[in-house]
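Single-letter residue listing:
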Amino acid sequence: MDGRFAAALEAIVGRRHALTTPDEIRAYAYDGGVDRAQPLGVVLPGSTEEIAAVVRACRERDVRFVPRGAGTGLSGGAIAALDALVISTARLRRILEIDAPNRIAIVEPGVVNADVSAAAKPHGLRYVPDPSSMAACTIGGNIAENSGGLHCLAYGVTSAHVLGIKIVTPDGDIEWLGGKTIDAPGYDLVGVFIGSEGTLGIATQAVLALSPMPESVQTLLGVFDSTDDATAAVSAIIARGIVPGALEMMDALATSAVEAHVGAGLPVDAAALLLIDIEGLSDGLDQTVEAVASICREHGAREVRIAQEGEQRDLIWKGRKSAFGAMGRISPDYYVQDGVIPRSQLPAMLRDVTAAGTKHGLRIANVFHAGDGNLHPLILFDKDKEGELDRALAAGADILEACVSRGGSISGEHGIGLEKRDCMPLQFTPDDLGFMERLKSAFNPDDRCNPGKVFPTGRRCGESARTAQSGALDERTAALAGEPF
Amino acid sequence: MSLRDALGERLRVLPDDCKRYPISGVTPKSVALPRDGKETALALAAATAEGATVVVRGAGTKSHRLPRPRTVDVVLDTSALDDVMEHAAEDLIITVGGGTPLVKLESVLRAHGQFWPCDAPFAATSTVGGTIASNAHGALRLRYGPLREQILGAKLATPDGVLVRTGARVVKSVAGYDAHKLMAGSFGTLGVIVEATLRVAPLPETENIVVARFRSPVSACAIARAVAASMLFPLSIVLVDDACARRVGALLAHASTGSWLLLVRCGGNKRSVARQVSDLKKACESSGADAVSVLDHAATPRAWSDIRELTGGAPYDAGRFVVVKTTSLPTDTPAAIADARNRWPTAEISAQPGSGIVYAHIPASDLVAPIGTNGELPRVENLTRAYMRAGWSASILSGPPSIAAAQDSHSNTLPAYVTAPGAPTRLFRAVKAALDPAGTLDPGRLPGGV
Numbered sequence: 001m002d003g004r005f006a007a008a009l010e011a012i013v014g015r016r017h018a019l020t021t022p023d024e025i026r027a028y029a030y031d032g033g034v035d036r037a038q039p040l041g042v043v044l045p046g047s048t049e050e051i052a053a054v055v056r057a058c059r060e061r062d063v064r065f066v067p068r069g070a071g072t073g074l075s076g077g078a079i080a081a082l083d084a085l086v087i088s089t090a091r092l093r094r095i096l097e098i099d100a101p102n103r104i105a106i107v108e109p110g111v112v113n114a115d116v117s118a119a120a121k122p123h124g125l126r127y128v129p130d131p132s133s134m135a136a137c138t139i140g141g142n143i144a145e146n147s148g149g150l151h152c153l154a155y156g157v158t159s160a161h162v163l164g165i166k167i168v169t170p171d172g173d174i175e176w177l178g179g180k181t182i183d184a185p186g187y188d189l190v191g192v193f194i195g196s197e198g199t200l201g202i203a204t205q206a207v208l209a210l211s212p213m214p215e216s217v218q219t220l221l222g223v224f225d226s227t228d229d230a231t232a233a234v235s236a237i238i239a240r241g242i243v244p245g246a247l248e249m250m251d252a253l254a255t256s257a258v259e260a261h262v263g264a265g266l267p268v269d270a271a272a273l274l275l276i277d278i279e280g281l282s283d284g285l286d287q288t289v290e291a292v293a294s295i296c297r298e299h300g301a302r303e304v305r306i307a308q309e310g311e312q313r314d315l316i317w318k319g320r321k322s323a324f325g326a327m328g329r330i331s332p333d334y335y336v337q338d339g340v341i342p343r344s345q346l347p348a349m350l351r352d353v354t355a356a357g358t359k360h361g362l363r364i365a366n367v368f369h370a371g372d373g374n375l376h377p378l379i380l381f382d383k384d385k386e387g388e389l390d391r392a393l394a395a396g397a398d399i400l401e402a403c404v405s406r407g408g409s410i411s412g413e414h415g416i417g418l419e420k421r422d423c424m425p426l427q428f429t430p431d432d433l434g435f436m437e438r439l440k441s442a443f444n445p446d447d448r449c450n451p452g453k454v455f456p457t458g459r460r461c462g463e464s465a466r467t468a469q470s471g472a473l474d475e476r477t478a479a480l481a482g483e484p485f
Numbered sequence: 486m487s488l489r490d491a492l493g494e495r496l497r498v499l500p501d502d503c504k505r506y507p508i509s510g511v512t513p514k515s516v517a518l519p520r521d522g523k524e525t526a527l528a529l530a531a532a533t534a535e536g537a538t539v540v541v542r543g544a545g546t547k548s549h550r551l552p553r554p555r556t557v558d559v560v561l562d563t564s565a566l567d568d569v570m571e572h573a574a575e576d577l578i579i580t581v582g583g584g585t586p587l588v589k590l591e592s593v594l595r596a597h598g599q600f601w602p603c604d605a606p607f608a609a610t611s612t613v614g615g616t617i618a619s620n621a622h623g624a625l626r627l628r629y630g631p632l633r634e635q636i637l638g639a640k641l642a643t644p645d646g647v648l649v650r651t652g653a654r655v656v657k658s659v660a661g662y663d664a665h666k667l668m669a670g671s672f673g674t675l676g677v678i679v680e681a682t683l684r685v686a687p688l689p690e691t692e693n694i695v696v697a698r699f700r701s702p703v704s705a706c707a708i709a710r711a712v713a714a715s716m717l718f719p720l721s722i723v724l725v726d727d728a729c730a731r732r733v734g735a736l737l738a739h740a741s742t743g744s745w746l747l748l749v750r751c752g753g754n755k756r757s758v759a760r761q762v763s764d765l766k767k768a769c770e771s772s773g774a775d776a777v778s779v780l781d782h783a784a785t786p787r788a789w790s791d792i793r794e795l796t797g798g799a800p801y802d803a804g805r806f807v808v809v810k811t812t813s814l815p816t817d818t819p820a821a822i823a824d825a826r827n828r829w830p831t832a833e834i835s836a837q838p839g840s841g842i843v844y845a846h847i848p849a850s851d852l853v854a855p856i857g858t859n860g861e862l863p864r865v866e867n868l869t870r871a872y873m874r875a876g877w878s879a880s881i882l883s884g885p886p887s888i889a890a891a892q893d894s895h896s897n898t899l900p901a902y903v904t905a906p907g908a909p910t911r912l913f914r915a916v917k918a919a920l921d922p923a924g925t926l927d928p929g930r931l932p933g934g935v
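Those sequence lines, one after another, are chains P and B. Counting with our numbering, you get residues 1 to 485 for the letters of the first sequence. Counting with our numbering, you get residues 486 to 935 for the letters of the second sequence.
Isolated chain B (complex conformation) (with noise of 0.2 angstroms):
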């Protein structure tokens, strides 16, 4: 069966319908919108007996993550896979289908006093399997666990057309391998999430942030690591220069010139709030922080919907900023947000200093510009060797169609990502090679070439 025989009018081929769905600044010879996984199962089967590659997308917020492709044959649109399957409120679980905007997930769930710990930005537009499939799990990982643990159980459509579970719809399940954990990170290249069962907890009955303004990032850092560590148990923990600061409006009151403010999200019944928010008051206060002040439950809500926003760079134009995300040990953040600041003067910076994060949010202007003259990029050139020889990881969340140029002609400039070294590529390979033989998913653009 061709493609056109699978889909009939829900194959797309126009340009103008191409060109909406960019991917890494390569526009798609084909859009296929299957309109249920027994559908997106027979495209993904036609793709493969054609030999066409095909490149699966939520809403699209995250396409641009890996370096450019070769060529994109087919862009697969899961935006129709949207159906809530089963909502078990009392068992704490919910099925959707993977197209399922986070919004949506999430107005269903907070109907039942529930939500899905993963405060993943992008959450006007994202979907849940882009969400997944990136594995932007956003600050709620300090106190909910990697993201993969929130996904119980899946219905895949695999690249010859199958479509296979895994896992299951209860809370606990060992039978099997956990494939569907295997979907974090994978961007969609070892198969399609058609439906996803997400692990859900109760909304915390009340929620604070507590602000804190300090001079440097390294007392802050500090203190961040403390209360991680503390029976405190705070929900998440975000520390933001001035820069950032300012693009959340809540904390305009509260940004000034070179300064640091870290948040600390606190959630529990009333007298645990209250404690947490005393005890990190006075932490904070006596390790040097010039100003310390609560948002409360009214203005949390508001507030974390904007913050969560700077965990993967979304308020920042991709027209106009490159953003990069570094991961180290907690106790390196002070170490890698210097390294940022000393590499890209001009970038703004936040963090989770509690799991080691990093993202630098570096106008393209001042990165891009030397291209066009000698082809270098002199403030990146060395990166690559100074993080390996740290251990730390790194990857560009978003950028430029010319930063992704550059990376297509230039082998010194900023790479796409820099894994720690002795990343298991030979392992990678071999996983692409058992679930995607044909190399339908996508093919070459995660680390080693998989």
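Chain P extracted, bound-state conformation (with noise of 0.2 angstroms):
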């Protein structure tokens, strides 16, 4: 980095929150995905202002700069690509308001998600999406990545739960989108910025809805001797009219690795398992969920197991919650993939994913978000097996295909960052991806901010991971060792 610009950078955050030397940025060169990229530099600003002055700073010098929370994401969002100053969301991590009767919460970006429901609780709130990482995943984050989790079936996305973000534009304004109330006339630009993986602007303050927690929850554990039976009990649990609050699938590989990994008592003999909440007011609740049980049975769940709040329901949920991290009990490497279909062609995806695996001589382990069709298969591999990690990205890109070709997506919640940009035009025509540059040219016309992401490059699909240096496989298994995913 330049002398003059680093004391510029120095002068705005200070010196201690301005990192240049290779050991000090080396752990910001990844996040959870496959991707890997030394930053310029990185910066922790502690406000606003600071972001907004840096930013100012980097278009002075026409830097290229990367907004980043937590670095748990999975597609190479907050990767410093084309040599790009990374700023760091870190330091802004205060809840600033829990206004309980308005239900909202005002938090600042390195805000940690749990950490919001957790401030709610004593008011009956909560903040709902719930990302597997929310341990450590930041409130920025989310909003650039939209991200799910397991109640996002019932209740929405990051999208449905935010109010208004103040941002600093690539230009380094500080502006307001949206706010603490509802419908000012005008466009609505926070349902666009959210999910735009950071290519619009830095989230620096979030108006967060907050939601009642139930008064009871309720989970079912239903084992089936097919996968075909398990997927087709979901279709039928949402064609009855019953959106429960979280519906996940495992596969026999997917459970085995799991009770390895935190034995959770799961049966690993079975071919798939359901894992379904079913929560509400107590009254009425044993009959939705004895609604759902008979559905699994009338499906072929050979048993049914319900349990109610508390250690067994607990465990159930831990083992789901650790069913990535516990890969690494049956494979020395994974590769994990994320795509969605239509609900009803799930039986037929799952084909299409064993299929992918058999072409490409590796196992795939499913686990996932069955009742939003969200898939996330774990492609297993060996990276010192000598072209390994290359046929597992084929086999991602595969899935990919076969999703788009089920009239699905390519991402359900993972983004598109760097791994996926050229997957998009599996998904959208030129004209589509030209619509959404100029939307992009409104806010960041120059590139500036986080470059290099979403928009393709021109290479394969399942080409661009291989991009980041050889090894990056080695940088993401170490950084996801211990991971909560």
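Read the hints as simulated data drawn from the structure, not as lab findings. Glycine included, each C-beta is placed from N, C-alpha and C at the ideal position. Some hints could be false.
To be verified - Covered by chain B, per the in silico footprint, the following chain P stretches (three or more residues, Cβ under 8 angstroms): (1) 117-129; (2) 144-154; (3) 189-197; (4) 337-344.
Build the complex: two chains, separate frames, hints provided.
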């Protein structure tokens, strides 16, 4: 980094919060995904104004920059491609206000997701979006990725729970999109900023909508001898007019890994498990639970366990949430894919996943948000074996193609970032992408803010992940060790 | 290609035809009636090439909501874009043309025990595209969230005549920008909604409405806030004064002069609804309600179809009433109601107290009369300043042409809208310039002259 620029940054954020040496910035070279790139430097501003000043300093010197939260993303969104400066929101971690009568929380972007619900709990409220990384990921990153989670089936993803966002624009201006009140005249820019993967500006404060906690929750565990039966039960539950709080599925390979990892007492000989949360008022809940249980039995479940709140239920969900990390028990490495299909296509899609594994000679475990049709195939490989990484990436690309051909999407919650930018043409025409680029230019005309993300570069889908330096997977595996995904 | 070449006989220019499509009192020079998305795109490309301005119109129920345009070259009527492309019932998704009437959408869904969780007003004639473009979310917002979240994807015709898709036909997708969400509240100024893919929900097994009568809106609002934050999780909450209540047949028996009715719509299975109703009754009675009754499952649909119309001023003849919508924090709703009552003593008032929305339906004669004498509207002249200070937003939803005319000529009269302080108008302009660089789609009528 040029010395005068470094001095300018230090003058804004303080010497302690401007990192430039290779040792200091090494940890910022990767996120939870497959890509890796060394940033130009890292700054950790302490306020919205400091972020704006850093962004203006970047503009003056035509330096690109990348906003970064906790770095738990899975698609390279927080990676500093193209020699960019990382602007970390890690120091902006105050919950500024819990306004219970108005059911809102005002928070800084570095606040950890789970801490919002913890702060709201004494008021009988919660912040609904609950990505599996909720103990580590932060609100700013959640806004960038439009994060989902187990409970977005019933209550919607991040964008359904954000009323306003204070942003620093790519030009260094400070603006409020939306606010504490709803329906302000003019364009609703909140919905389009959320999920823009840090390419439209940096969120520096957010007004979050809080929701009432349910009075009661019961968890069902449906045990199936066939994945087709389990997926058919998923469709039948929704078709019966029941929208569970969460509706998750794990296949045999995933279950065996989870059992080896946490010993949640799940049946390892089952072909598929459904994990279903039914929540609401305690009155009438038993009937819904019983209806779901009978649907499972009608669709061939050999056993349906019902867990009340407490240890048994916690254990089941602990098993689900630890599934990614548990893969280490059954494979040296894994590559997590993220695609969406209409629920009704689940049985056929799971066969497509199996076929992709067979074609490339790799095992694939499935653990996913069945209620949303949001798949997370975990492609198992060994990076030390010649060509296995390439085959894993190729299998991932095949799965995405199958998702699109079945009417779905190439990402349900992990985002496009660097990893999938060259898969965008699978789902969108050049006209569609041109329209999105024009929208981007309204905020970020010089592509200085999170450059090189989301939009295709002309390579093949599945190739771009390989543009990262070799050894990216080493870093990733190291980064993921012990991560609560 | 000219507009005439693009549309042939589906471009109407006869004055009698054009008169049927007024936009805030302005008669357009022509009316375009495209049959499908492709023709919509062709028409837009032709208009842009000719430098013509286009106002998009569904059923026209909210076409007067923005200030009077300087000129309207073309009204683009979307009513022929009314196909149901795909209803994937088991996926809780439906894709329909932008001109599809809400009644058609609702009847298709009802046959499968489903509904689109947006109880927009003007339900008898409004289109899906118009409902989205005007962000007419209705009171179900409390339970189901903003209208933009009920849209999963769209096919849009851009001003340069290209058909683009955003989002997906699945319940969850984060691929690319969610430009379809930007359509909510954009009044057709960024693109034409040719198709929309909507998130639908199962109809609750049972529905009841709890009707609680209060002497003061303050205690009714307090109960509303408490209920909205409670595990009872009602579908929607509406508060009406006695004059509003008398416009709903099912509430006639409950209204009494000077009182307010709190309406809480509950849904779920029978036992859950019974519990909600019982808890609500207790809560209202212990907070000063002087009467509480319940509309049962049989009575609810009819009653709610009337109540939903109150959310957008639909039952109020635009020739005789000015409808002003205010949004504030829910804790400010009592103050917003008091302000409206004080400012316009003859107004009929309804509210969504769990969401901070207040509607004042003001007899136009009480507002318009002074214009003829000295051009002043004394009761409203400080509205902008007062609302800005409180951080509230306001907009006029409807009113007689004389109000629109007054907006043209009197800068200190009732404004078309008051945005909260610090609205990002620079970004509004940048978005408009990026997506409609030629200014084809109804320029200049949104805040900031966008």
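Going through the hints against the structure:
1. With 3 residues having a Cβ less than 8 angstroms from any Cβ of chain B, the region 117-129 of chain P passes the three-residue criterion, so the hint holds.
2. Counting residues of the region 144-154 of chain P whose C-beta sits closer than 8 angstroms to any C-beta of chain B gives 5, which meets the bar of three, so the coverage hint holds.
3. Counting residues of the region 189-197 of chain P whose beta-carbon sits less than 8 angstroms from any beta-carbon of chain B gives 6, enough to reach three: the coverage restraint holds.
4. Here the region 337-344 of chain P counts 5 residues with a CB under 8 angstroms from a CB of chain B, which clears the bar of 3, and the coverage holds.
No hint from the list above goes unmet by this structure.
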